[in-house]
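Colleague: Here is what each chain is made of, one letter per residue.
Protein chains: 2
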Amino acid sequence: MSEYIEHDKNGVSVGLVEKQFYTFAHPPNEMILENGTKLGPITLAYETYGTLNPRRDNAILILHALSGDSHVAGYYSNDDSKPGWWDIMVGPGKGIDTNKYFVVCSNILGSCMGSTGPCTINPETVLPYALDFPMVTIGDMVRAQMALMDYLEIDKILAVIGGSIGGMQVLEWCVKYPQKVVSAIPLASTTRHSALAIAFNEVARQAIMADPNWNNGNYYSGDKPDLGLAVARMIGHITYLSDESMRRKFGRRLQTRSNFSFNFDADFQVESYLRYQGTKFVERFDANSFLYITKAADYYDLEYQYGDGSAVKAFSKVKAKFLVVSFTSDWLYPTYQSKAMVQAMKKNGLDVSFCEIEAAWGHDAFLLPSERLSALIKGFLGRVHGEIQP
Amino acid sequence: MSEYIEHDKNGVSVGLVEKQFYTFAHPPNEMILENGTKLGPITLAYETYGTLNPRRDNAILILHALSGDSHVAGYYSNDDSKPGWWDIMVGPGKGIDTNKYFVVCSNILGSCMGSTGPCTINPETVLPYALDFPMVTIGDMVRAQMALMDYLEIDKILAVIGGSIGGMQVLEWCVKYPQKVVSAIPLASTTRHSALAIAFNEVARQAIMADPNWNNGNYYSGDKPDLGLAVARMIGHITYLSDESMRRKFGRRLQTRSNFSFNFDADFQVESYLRYQGTKFVERFDANSFLYITKAADYYDLEYQYGDGSAVKAFSKVKAKFLVVSFTSDWLYPTYQSKAMVQAMKKNGLDVSFCEIEAAWGHDAFLLPSERLSALIKGFLGRVHGEIQP
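Just so you know, the sequences run in chain order R and S. Here the working numbering is used: the first residue of the first sequence is 4, the next is one more, and so on. Here the working numbering is used: the first residue of the second sequence is 4, the next is one more, and so on.
Quick caveat, the hints were computed from the structure, so don't treat them as lab data. Errors might be hidden in some of the hints.
[Claimed, not checked] Stretch by stretch, here's where chain S covers chain R in the computed footprint (C-beta under 8 Å, at least three residues): (1) 200-210; (2) 268-275; (3) 284-291; (4) 297-304.
[What the hints assert, rightly or not] Reference excerpt, derived from the structure (chain R facing chain S, CB under 7 Å, subset only): (5) I238; (6) I241; (7) T242; (8) R250; (9) F265; (10) Y279.
Since we're looking at a predicted model, the values are computed, not measured. Here a beta-carbon is modelled for each residue, glycine too, at the ideal position from N, C-alpha and C.
Starting from the given sequences, assemble the full structure and let the hints guide the process.
Modeller: Rendered as structure tokens:
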């Protein structure tokens, strides 16, 4: 997600929050993954905001995208320079109102932000898993989240909400646990990656694996594949923006120099922006996690897995009410993909609201301040919560 | 350009052709480049097809894109498995009819296909130039082509034709040498790169420069930065295609396996296609040339250089008649960019035909067989040639 998010400094925040951890699937009761292998113990890092009400019916589960984490809102300390990644949406009085709802966000399985992933110590070898980490799927991530919901004694989730790969998890929740999910908001998402999306992920993975420091995944005791991961991140960043947003944000504007360098320095602001994003990303993200999560996203295919290729069939057991949102300039998960899922939901008679938001900012738009999006989500949550009142 | 071009095997070919070389700008008469430095001697590799008529008014200059060469049509030997890169368009009776026209195509300055570039031996050091090669511009490439035209004693060029970066050279020809160019066909091109196009080029360059074998450009006596260059080429390939063409060509089809590998092998056909394209490219192209040519393309800015930011002013001295062609699914050089140049040409009262061709294949469409495109070019050339008859 973009580092250029302009946070609403005036907004009320949830304040100070703390990262928590839940560990389960202890051997010999490991989780059997979709690919047939076992994994355990499993730790999920998570954060909660707001209060679970006595009826336990106000829980909202937020599902993050590729490089996100459990820190969706608030600050860890008063010294933090910036809040969680969706602080513009989650907080008192905001689109996802923490005065009304109990919000949970957990770092996904396979990531490197506190949950078990390739950089976690493998108890069998007492070394990081690296490529011995099994290939986890979007389904596995959701099953791990289900274990966390059980632990938190949340039987029904008022809403599962997420964008991009988080949106895939939203859909997986609805299909895998139809009785558990009251409503769902997949944003800028898809039931399966297009060839174009797979292509970008594959080139990003190749950039990582081309870095000799990657060393077949074994770099935890030495130099990290920072250059490869930076290139991978730069590729991603281009796909999160749009032709229009890049024109507006950068155009052909040069850096401080008034003329070209006539060498391979960054002449244009867009070059320098990408280099900066790449460099900053390697400080906080693990290259192997990037490989695993992008591969899980590429594998995800709701139609194939649950509908023998038919989206209509895949949604046939789903109960959730949906708010599906796409963004006009998102060319990574274009609107036609959201429309296809909406059509399949409607053919099953599901309660679906769909909105395509006019936005120049490409795929990243779901993370950017939008009164329209906040109002949509707030209205939808209020309605579905009202409809389950006894 | 795509390696997946399906050549028309039944078409008549120009037959066997030979690569020729012209060397000029011998010291102390080196060429003064746009950045102020000197370069010489300069060699251009070129090929010709057809016959220059007695009036010397039937010459067509074809200008190639990033990875092209002088071998636009025909075969070097009877054993060649495939002909030149635009053999579908150039040949007897084809869109650019070698029975009627004398066609010249030269490898651009800075490339590695026979013309002087970073892999050429620097006479001063008797080593390859590497990064001592000066930063050449689109304008420098065109001035070198002008020297070749002088050598061939072609005073007026009936048509300059090229796509993508070749189209930039077409525009530069028209603006720099208005008296020399009777007509011009820029295909899938632009007067200046958008931030998006610069961004893709920059990430591709970063992928090359991240490869330790690149070694600041000094790899000619050792291992080449093949992995980095392959990633760069893969990035390029995605931008040459389109969402729709990738869906049609690959979709989510898997390789021979019937199920996922659950590792980082190429599972999807699109992954394997990209890996193949990357690997094949490094066999024929020089990483430093990739850096220089993409940078020259990023620098190119017709409005800025010739019009103080105004395209209308930039075209004010141009005399050529134009056929401008764009392709609906080309998102690298989208139609709006061609329309902008057409508008600027028209405001100068120029004779301009514009056609947006409906094509699913993205930027690569200009290289693919299209009866429409062939007929358009053939008709335009026939008209402009007819109009200069005495």
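Colleague: Confirm or reject each hint.
Modeller: Results for each hint:
1. Only when three residues or more bring their CB closer than 8 Å to a CB of chain S does the claim for the stretch 200-210 of chain R stand; here the count is 8, and the claim holds.
2. Counting residues of the stretch 268-275 of chain R whose CB lies closer than 8 Å to any CB of chain S gives 5, so the stated coverage by that chain holds, three being the minimum.
3. Given a C-beta distance limit of less than 8 Å, the hint that chain S covers the stretch 284-291 of chain R is violated, as 0 residues qualify and 3 are needed.
4. Under the rule that three or more residues need a Cβ within less than 8 Å of chain S, the assignment of the stretch 297-304 of chain R holds, with 4 such residues.
5. Residue-level restraint check for I238 of chain R holds (minimum Cβ-Cβ distance to chain S is 6 Å; threshold 7 Å).
6. Annotation: interface hint on I241 of chain R holds; nearest CB of chain S at approximately 5 Å, less than 7 Å.
7. Taken as an interface hint, T242 of chain R does not check out: its beta carbon lies about 10 Å from the nearest beta carbon of chain S, beyond 7 Å.
8. Interface restraint check: R250 of chain R against chain S, minimum CB-CB distance 6 Å, threshold 7 Å, status holds.
9. Nearest Cβ of chain S to the Cβ of F265 of chain R: about 4 Å, under the 7 Å cut. The hint holds.
10. At its closest, the beta carbon of Y279 of chain R sits 12 Å from a beta carbon of chain S; the interface hint therefore is violated under the 7 Å criterion.
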